[in-house]
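Chain order of the listed sequences is E and D.
Just so we're aligned, residue 313 is where the first sequence starts under my numbering, counting upward by one.
Just so we're aligned, residue 429 is where the second sequence starts under my numbering, counting upward by one.
Keep in mind that the hints were calculated from the coordinates and are not lab data.
Please read all numbers here as calculations on a predicted model, not as lab measurements.
One should not assume that every hint holds.
What the hints assert, rightly or not - Here are the computed distance ranges between Cβ atoms for each label pair:
| no. | chain 1 | residue 1 | chain 2 | residue 2 | range |
| --- | --- | --- | --- | --- | --- |
| 1 | D | N591 | E | T327 | 43 to 53 Å |
| 2 | D | D550 | E | T433 | 21 to 31 Å |
| 3 | D | H502 | E | K353 | 39 to 49 Å |
| 4 | E | L414 | D | R614 | 24 to 34 Å |
| 5 | E | F339 | D | E556 | 34 to 44 Å |
| 6 | D | E556 | E | C354 | 41 to 51 Å |
| 7 | E | K317 | D | D550 | 26 to 36 Å |
| 8 | D | D550 | E | W343 | 14 to 24 Å |
| 9 | E | T327 | D | A534 | 51 to 61 Å |
| 10 | E | L376 | D | A534 | 47 to 57 Å |
| 11 | E | I325 | D | R527 | 46 to 56 Å |
| 12 | E | Q355 | D | R453 | 55 to 65 Å |
| 13 | E | M438 | D | A594 | 24 to 34 Å |
Just so it is clear, CB atoms sit at the ideal spot from N, CA and C, and this is done for glycine as well.
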Amino acid sequence: MTSKKQNNKCRTIRTWLVRALSNRLGFDANWIQNHIADCPKCQRRLAALGKVDLALSIIKSQPLKLDLLMRANTQAVNVLKHSLRHAPKAQRLKTARPEPKLLERCAKYAHPAANVAACITIMLLMKVGIFTSVDKFHTEGRKVVKQYYTTRLGQDLSDEIFSS
Amino acid sequence: MAGKAATYSIAWDFALAQTVDNAQRWVLTAMQRYGQELITMLWRILGNEQDVCDAYQDTFLRLAHYENRSKPEHVKSYLFRTAANVAISMLRRKMAQRRLSATIAAGIQDTNLITRNKNDLDSRNLQENLRACITQLPEHLRNVVTLRDLAELSYSQVGKILNISAATARVYRCKAIQLLAVWMSREKEERQ
Chain E
313 MTSKKQNNKC RTIRTWLVRA LSNRLGFDAN WIQNHIADCP KCQRRLAALG KVDLALSIIK
373 SQPLKLDLLM RANTQAVNVL KHSLRHAPKA QRLKTARPEP KLLERCAKYA HPAANVAACI
433 TIMLLMKVGI FTSVDKFHTE GRKVVKQYYT TRLGQDLSDE IFSS
Chain D
429 MAGKAATYSI AWDFALAQTV DNAQRWVLTA MQRYGQELIT MLWRILGNEQ DVCDAYQDTF
489 LRLAHYENRS KPEHVKSYLF RTAANVAISM LRRKMAQRRL SATIAAGIQD TNLITRNKND
549 LDSRNLQENL RACITQLPEH LRNVVTLRDL AELSYSQVGK ILNISAATAR VYRCKAIQLL
609 AVWMSREKEE RQ
């Protein structure tokens with residue numbers, strides 16, 4: 313339990329450190345930008361890194377055909393054993409198409425869900441606020457009436473009335 | 429009597445085979461669960477549909493025949509590592525073939541090819557260049573790049589698959605990117 317807490321603390325501190333360091337040492341830091349502007353060697357290095365980044369993003373952006381999964385599954389299933397080839401699951405795999413993950417599917421509901429959650433929170437806060445105000449009003453009113461009776465009838469009688 | 433014994437033997441063999449087959453259903457489950465991610469990774473490594481299908485088939489064939497048809501302890505790790513290795517081997521073979529055909533055709537002056545090679549920002553050229561450089565990376569760095577950048581797995585997942593910590597995976601990725609940058613710019617200078 314203690315080690316788990318320690319680990320969490322370590323992770324939090326590590327995240328802060330990374331954030332703090334990236335603010336001071338990241339490519340966007342002013343002193344780095346100033347240096348790069350004057351240093352041809354660093355400019356070349358930065359350009360080379362940018363080229364790798366660009367190549368990776370081009371590779372990632374290449375769309376793959378929707379039926380590729382189906383074709384690959386069919387080809388792979390066809391070399392498996394006879395009994396596996398004819399299993400119902402194998403038949404389903406032969407017609408499988410890529411589907412977005414659950415998180416991706418739910419992503420489009422994220423904004424409306426956040427709005428609903430915000431509304432519920434506001435309503436709850438309002439309700440809590442109203443009830444607190446009513447309670448406060450009730451207590452204050454009681455105090456005023458008690459004070460009135462105390463001045464008119466005396467302490468003993470007012471205590472007797474308001475003690476019940 | 430002998431005929432009866434033979435029938436029992438056949439029935440026993442059949443039952444045994446059925447049990448083994450049923451026990452291997454996990455291959456199909458693995459295909460269903462990880463197929464999509466594997467296809468994406470293979471497509472990004474190979475960039476050719478037929479090669480993707482071949483590498484995918486090879487990967488699952490290896491999984492089905494893994495150590496006397498037993499199930500590996502970590503199916504996902506096995507699948508991703510095998511698929512990446514198969515794809516990289518295919519890519520290397522393809523590049524060697526291309527190099528060979530380029531040597532043969534060296535005498536022929538193809539002006540179109542020269543202009544295409546000169547264009548540094550030609551996306552196809554850039555992709556092929558990066559793929560070629562990835563195949564030259566040391567295995568530990570290559571594995572991290574393929575899993576992190578091409579399969580888009582998180583560092584913790586990469587760490588689990590490669591049996592290293594997430595921090596080590598980060599360091600390896602950083603080293604790999606630096607190496608790729610150096611190699612890619614060197615190739616450009618050589619071309620010039």
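Cross-check of the supplied hints:
no., hint, in the structure
1, D:N591 to E:T327: 43 to 53 Å, "24 Å, violated"
2, D:D550 to E:T433: 21 to 31 Å, "53 Å, violated"
3, D:H502 to E:K353: 39 to 49 Å, "44 Å, holds"
4, E:L414 to D:R614: 24 to 34 Å, "44 Å, violated"
5, E:F339 to D:E556: 34 to 44 Å, "27 Å, violated"
6, D:E556 to E:C354: 41 to 51 Å, "28 Å, violated"
7, E:K317 to D:D550: 26 to 36 Å, "54 Å, violated"
8, D:D550 to E:W343: 14 to 24 Å, "35 Å, violated"
9, E:T327 to D:A534: 51 to 61 Å, "54 Å, holds"
10, E:L376 to D:A534: 47 to 57 Å, "34 Å, violated"
11, E:I325 to D:R527: 46 to 56 Å, "50 Å, holds"
12, E:Q355 to D:R453: 55 to 65 Å, "57 Å, holds"
13, E:M438 to D:A594: 24 to 34 Å, "44 Å, violated"
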